[in-house]
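Quick mapping for you: the protein sequence lines, in order, are chains A and B.
So the first sequence is residues 1 to 573, counted in our numbering.
So the second sequence is residues 574 to 731, counted in our numbering.
Derived from the structure by calculation, the hints contain no laboratory data.
For every residue, glycine included, the Cβ atom is placed at its ideal position computed from N, Cα and C.
Worth double-checking, as some hints may not be accurate.
[As the list claims (entries may be wrong)] To be clear about the criterion: a stretch of chain B counts as covered by chain A if any three or more of its residues have a C-beta under 8 Å from a C-beta of chain A, and this derived list gives those stretches: (1) 601–610; (2) 619–631; (3) 650–658.
[Said to hold, decoys possible] Distance windows between CB atoms, simulated: (4) Asp654/B <-> Lys514/A: 25 to 33 Å; (5) Gly604/B <-> Ala373/A: 48 to 56 Å; (6) Lys650/B <-> Lys489/A: 42 to 50 Å; (7) Pro197/A <-> Lys630/B: 52 to 60 Å; (8) Asp663/B <-> Glu222/A: 35 to 43 Å; (9) Asp680/B <-> Lys565/A: 35 to 43 Å; (10) Asp654/B <-> Phe126/A: 43 to 51 Å; (11) Gly604/B <-> Leu122/A: 40 to 48 Å; (12) Asp654/B <-> Val308/A: 21 to 29 Å; (13) Lys630/B <-> His179/A: 25 to 33 Å; (14) Thr713/B <-> Ser483/A: 42 to 50 Å; (15) Ile657/B <-> Val308/A: 23 to 31 Å; (16) Ile657/B <-> Leu212/A: 49 to 57 Å.
[To be verified] Capping the alpha-carbon separation at 27 Å, the derived lysine-lysine pairs in DSSO-like fashion look like this: (17) Lys312/A <-> Lys650/B; (18) Lys527/A <-> Lys650/B; (19) Lys7/A <-> Lys714/B; (20) Lys682/B <-> Lys515/A; (21) Lys7/A <-> Lys630/B; (22) Lys514/A <-> Lys712/B; (23) Lys323/A <-> Lys658/B; (24) Lys682/B <-> Lys541/A; (25) Lys682/B <-> Lys548/A; (26) Lys575/B <-> Lys4/A; (27) Lys514/A <-> Lys714/B; (28) Lys312/A <-> Lys630/B.
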Amino acid sequence: MNTKTFKLLSGNEALAQGAYEAGLKFAGSYPGTPATEILEYLTQFKEVDAQWAVNEKVAFEVALGASFAGVRSIYSSKHVGINVAMDPLMTAAYSGINAGFVIVTADDPGLHSSQNEQDNRLIAKFAKIPLLEPSSPSEAKKFIKLAFEISEQFDTPVLFRMTTRVAHTKENVEIEQRHEIENKIFEKNPHKYVMVPANAYKKHILLEEKLLKLQDYSEKTELNKIELKDKEIGFVTDSVTYLYVKETYPDASVLKLGMAFPFPDKKIKEFSAAVKKIIVAEENEPFIEEHLLQIGIKCTGKHYTYRVGELKPENIKDIVENKPKTQYPGGSRRPVLCPGCPHRAVFVALRKTKVIVSGDIGCYTLGSLPPLAALHTTICMGASITIFDSLSKVLGNDKVVAVIGDSTFVHSGVTGLINAAYNKAKGLIIILDNGTTAMTGAQPNPSTGITAKNEQTKKLDLEILCKACGADNVEVIDSSCKSIEEKIKEYTSQDKLSVLIVRYALCKMIDRTKKAAPLLNSEKCKKCYMCVSVDCPAIVKDENGNIKLNVNLCAGCNVCVEMCKFGGLVKNN
Amino acid sequence: MKTINILFCGTGGQGILTAAEIAGLAAMYDGYHVKKSEVHGMAQRGGSVESHLRFGKEVFSPIITDGEVDFMLSFDKGEHDRMIKLLKKDGKDLFPDFVEADKKIADKKFLNTYMLGILSKHLGLSKESWQKAMKDVFKTKFIEKNFEVFNMANGDVK
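Please build the complete structure, drawing on both the sequences and the hints.
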């Protein structure tokens, strides 16, 4: 008869599979580690309209629109992506939804690949929406189905928090049948869908009442479960930390919060009455701890130093004893641009011109690391052009250059360019167009003319766009060090707003073909190490100070050859 | 049975995540509860790569507690030296086997498969599960050659 099918799925894949089985019909996202695989997994299903959006705000609104239109819908992004979507998020809590709508945030405790480690559990409280947190892939699949039910039962978006460890852990997960859901009817209802002051005021009153009902649900749901064992210590915990507690203290009593917000106060009090000592084990912010203290529960939380970084199973003992954090990550090999990466030539040229470089988020952020060290500011998506705008006005437009990737430019660089032109900024903005969203694993974007489902679509023309925004000069060149260096000098010396689009041969993430590696002539090498300064993994200084060329890694871009003045490295044609 | 903890480590591009995936699938096909944890994002850019694989009756934490690694497969001297402190007192360090394999295997893209063959000698997972896992991951890509390399390393899988 029916035998169960299991697959080894990551948390992200399991979440997506669960959403699919729950009758999902729309998914919107912008790529970002550790969230990317959710949308990628959903592109395989013909029943789901899975889209990469221009940015997170757009993804959120299109997904919310799908819910309004009557189909189950999901938004997903990394934690900082939620910041971009905060405007619609805060008000969607007031309006509510039509068909089930889930907001997935993939947080990154430990900053494995992010610019901060903000704890998005706080957003649930701030926005007044329920918070669900799975601890494992199998729970992600189970909980996402409940999230859609809660969303529809209480007419609210649901915040669904993953962390890197949940998102990127793989586990045996059962594959089940999809359950089709009939579309809900969209009815014109300005009191619900038009959030002008008079309507929104009434909705806020209803929202406060809704939170009380949600709290009642939180008390009763199995998502929040008490496991009574040894009563000496009782842990209150959530997310993957629950599993670290089970690993380290298998015999302790535990209150696991799968739905931390609204907090199940009665259940928390019941648990605290049943055990001698309450320990709160949670990553990052003291979100649960502060609430327990607020409702008068005596508890021990982690030492404040443990707010930094992710927890590991071996840290749970320290938390019980309220000891400070002593180990910080370090010693691991830093990432570098791929061998043959076309960004390398641009950063070699920028370093040579000695300009201040306002950077952005993408692979090219790696250009900030020594020895390239040719990128000097990075804050968030799109901030290269806006920060450049002011740097160039204050410091001089001949001293500053902005660099931004094609996907990031479309995400939120374009608004900065319009602003720069409108407010009369001058100087040079370089768009590094490698034809993909490389850092997150090569996803398409509007300037590639390909959709998330790998279909042809309208292709955004960056040249026409930049001209329309008000750039005085727009020029497209290919990437060789010498021409880029000349162009940087030419455009930074003009009192004009210029956009230089460096259009590459394909990114090495997509095109793995290689050209012949250069020839190394050790006798001619003067050990000036200029070749090593291009920071390529294929050419390194060995322990004896000799240059070593790894022909297995080399892609034959010859940027190192351009650096060699002594004939120690020559092109191999 | 007690949970088996395996740590794979090295640098981007060495096929470490692929090797961990195959071992994880093989354990799943043999009926074990599997958890495998790794951090993506920087792996393709030459940075450190580590994958934690745990399997048993019921596995809790997706990452291995410090000092609890039963088997350590390192593909890089520097990463080996950095991570060796995680090995259990009576744990098995397979780096000497890797050094031997590196001399023996000319085509470096088969090194990970060779090391899986070495690992398989210690785990007692069935040959059918290993083969099914390799087929899942490699598809048809050099599958016969991968079987051959795996069997060579393993000697005699039961």
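Taking the hints in turn, this is what the structure says about them:
With 6 residues having a Cβ less than 8 Å from any Cβ of chain A, the region 601–610 of chain B passes the three-residue criterion, so the hint holds. Counting residues of the region 619–631 of chain B whose CB falls under 8 Å from any CB of chain A gives 3; the rule of at least 3 is met. Only when three residues or more bring their CB closer than 8 Å to a CB of chain A does the claim for the region 650–658 of chain B stand; here the count is 3, and the claim holds. The hinted range of 25 to 33 Å is satisfied by Asp654/B and Lys514/A, whose Cβ atoms lie roughly 31 Å apart.
The hinted window of 48 to 56 Å between Gly604/B and Ala373/A holds, with their beta carbons roughly 52 Å apart. With their beta carbons about 44 Å apart, Lys650/B and Lys489/A fall inside the hinted range of 42 to 50 Å. At about 59 Å, the beta-carbon gap between Pro197/A and Lys630/B stays in the expected band of 52 to 60 Å. Our hint of 35 to 43 Å for Asp663/B and Glu222/A holds, since their Cβ atoms are close to 40 Å apart.
Look at Asp680/B against Lys565/A: about 36 Å separates their beta carbons, and that is inside 35 to 43 Å. Roughly 45 Å separates the CB atoms of Asp654/B and Phe126/A, a value that falls within the hinted 43 to 51 Å. Roughly 41 Å separates the CB atoms of Gly604/B and Leu122/A, a value that falls within the hinted 40 to 48 Å. Evaluation of the 21 to 29 Å hint for Asp654/B and Val308/A yields a pass: the beta carbon distance comes to about 26 Å.
A beta carbon spacing of about 31 Å between Lys630/B and His179/A agrees with the range 25 to 33 Å that was offered as a hint. Distance hint check: the CB atoms of Thr713/B and Ser483/A are about 43 Å apart, consistent with the given range 42 to 50 Å. Take Ile657/B and Val308/A: their Cβ atoms lie about 26 Å apart, and the range 23 to 31 Å holds. Here the CB-CB span from Ile657/B to Leu212/A is close to 55 Å, well matched to the stated 49 to 57 Å.
Straight-line distance between C-alpha atoms of Lys312/A and Lys650/B comes to about 25 Å, which keeps the hinted pair within the 27 Å bound. Restraint check for Lys527/A and Lys650/B: the C-alpha separation of about 26 Å stays at or below 27 Å, so the hint holds. With a C-alpha separation of about 21 Å, the suggested pairing of Lys7/A with Lys714/B holds against the 27 Å cut-off. A distance of roughly 19 Å separates the Cα atoms of Lys682/B and Lys515/A; the hinted pair therefore holds under the 27 Å criterion.
Note on Lys7/A and Lys630/B: the hinted pairing holds, with a Cα-Cα distance of about 17 Å set against a maximum of 27 Å. In summary, the hint linking Lys514/A to Lys712/B is supported, as the alpha carbons are separated by about 24 Å, within the 27 Å threshold. A distance of roughly 22 Å separates the Cα atoms of Lys323/A and Lys658/B; the hinted pair therefore holds under the 27 Å criterion. Distance check on the hinted pair: Lys682/B and Lys541/A sit about 24 Å apart at the alpha-carbon level, within 27 Å; holds.
For the hint linking Lys682/B to Lys548/A, the alpha-carbon distance of about 21 Å falls within 27 Å, and the restraint holds. For the given pair, Lys575/B sits about 25 Å from Lys4/A by alpha-carbon distance, which is consistent with the 27 Å threshold. For the given pair, Lys514/A sits about 20 Å from Lys714/B by alpha-carbon distance, which is consistent with the 27 Å threshold. At roughly 22 Å between alpha-carbon atoms, Lys312/A and Lys630/B fall within 27 Å of each other, so this suggested pair holds.
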